[in-house]
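There are 2 protein chains.
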Amino acid sequence: MSRAHATVSEIIRSRRSIRHYLPDPVPEDLLNDLIELALEAPSSFNLQARSIVVVTAEAGREALVEATGGQPHPREAPVMLVFVAESGAWREDRADVWEQARRCGAWSARFAAASPDDVRAFHEEPQRRGLERELAVKDAMIAASFLMIAAHAAGLATSPMNGWDEAKVKAAVGIPFRDDLHIALLLPLGRPAESRLHPGRRDRSLTVFREAYGR
Amino acid sequence: MSRAHATVSEIIRSRRSIRHYLPDPVPEDLLNDLIELALEAPSSFNLQARSIVVVTAEAGREALVEATGGQPHPREAPVMLVFVAESGAWREDRADVWEQARRCGAWSARFAAASPDDVRAFHEEPQRRGLERELAVKDAMIAASFLMIAAHAAGLATSPMNGWDEAKVKAAVGIPFRDDLHIALLLPLGRPAESRLHPGRRDRSLTVFREAYGR
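One line per chain: the protein sequences are S and H, in this order. Take the first sequence: its position 138, counted from the start at 1, is 138 in UniProt numbering, and no numbers get skipped. Take the second sequence: its position 53, counted from the start at 1, is 53 in UniProt numbering, and no numbers get skipped.
Honestly, the hints are just simulated from the structure, not real lab data. Only a predicted model underlies this, so the values are computations on that prediction, with no experimental measurement involved. Treat the hints loosely; a few may be bogus.
Copies of the same chain look alike in the list, so a pair counts if it fits in one copy or across any two.
Computed cross-link-like contacts, EDC-like style, restricted to lysine to aspartate or glutamate with a CA-CA straight-line distance of at most 20 angstroms [stated by the list, open to error]:
id, residue 1, residue 2
1, 168, 58
2, 168, 66
3, 168, 36
4, 168, 124
5, 168, 211
6, 168, 125
Work out the full structure: start from the sequences and follow the hints.
What follows is the structure in structure tokens.
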């Protein structure tokens, strides 16, 4: 059931995290569209320090069942999206990014030329504080969040999963020894086999504050 | 310019991060709606381990200018949203959450009753690995991402900001000595005073992989 005519507000309000999925495959065109919308998410310096591994084969999904301690999602959902955070992105050559932004007219030649140095200078502090990984995870989370909303608009369900053994997930997607890559999130994608009610939200006096944090 | 009739796909594709803002205040009703949509974002165990501090007063925004090394956003944008990650949430009493989810009919009485123990068991591993902060930051990022999309649909601009001195941001929102609270993101919100072109995205062969990570 596509929700093409629903407003963003309606989409956000009606989205629920879904635990059980129908086996119907996600059409390839739709899957490609959703991944493109995820990658439209902004990222720090447009570094795009995140990747998506699309796992559809049964062996890969079974490895993710094992990595999540036997959760049903990876077995039932036809697609598992593994969001990978690339904490070493800022050390890599991203000439393609600077050149493309300049060619698109989005960045001036001067801004593009300064970017490699700016990126290095910016990362000194997070590196010192051990937050390189967190920075990349944050960009991966924006992408995953955009996909959660886009998927629901297209009539598909997702459920952000944090309960997994990171080493096992990394092994499942072929990067057991990559210290520069981290798992940000697992996101099953497919047609929902259940409906879920809204579990409510805490009183806003506990979660929203004016001018200063209040508790 | 509200984009109430645009599809989610159009909203996501046309959203850009904006550096310069008009001083027009964000109407209170709209601000409340956007915050509500942010808080609709899912969170791990529905723990809602994130809060939003809404900074509109000039003194607070000037403190954020200083904390961001002189960036223009906090001075120009009428609203600065500070997303706070609460890494100690899982140790706190969240009886209100369990009780509300049960009352809404979203969780069974048994599931609600087991949640405090489940939450503690789940957090043992992240605690051991020093990832409690990252977990809370991830939930804050989903909320911030939902707000980015909702704001653009309502005709307002945002720009996720990572470049700040965390101690200074914490001082600006009144939590200089709270080790259990962390800054996930700064998000200026307001009417855009500029338009930005799309800077492009890396070739998908570098960012999307099937079954296994490929570079």
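Cross-check of the supplied hints:
Taking identical chains as interchangeable, the C-alpha atoms of residue 168 and residue 58 lie at most 20 angstroms apart only when both belong to the same chain, with a minimum of 16 angstroms there against 49 angstroms between chains. Taking identical chains as interchangeable, the C-alpha atoms of residue 168 and residue 66 lie at most 20 angstroms apart only when both belong to the same chain, with a minimum of 8 angstroms there against 43 angstroms between chains. In this homomeric assembly, residue 168 and residue 36 never come within 20 angstroms of each other (Cα to Cα): the closest approach is 27 angstroms inside a single copy and 36 angstroms across copies. With identical chains, the CA atoms of residue 168 and residue 124 are at most 20 angstroms apart between copies only, with a shortest distance of 17 angstroms across copies and 30 angstroms within one.
Taking identical chains as interchangeable, the C-alpha atoms of residue 168 and residue 211 lie at most 20 angstroms apart only when they sit on different chains, with a minimum of 14 angstroms there against 43 angstroms within one chain. For the homomeric pair residue 168 and residue 125, the shortest alpha-carbon distance between copies (14 angstroms) is at most 20 angstroms, but the shortest distance inside one copy (30 angstroms) is not.
In the structure shown, a violation is registered for the earlier hint numbered 3 alone.
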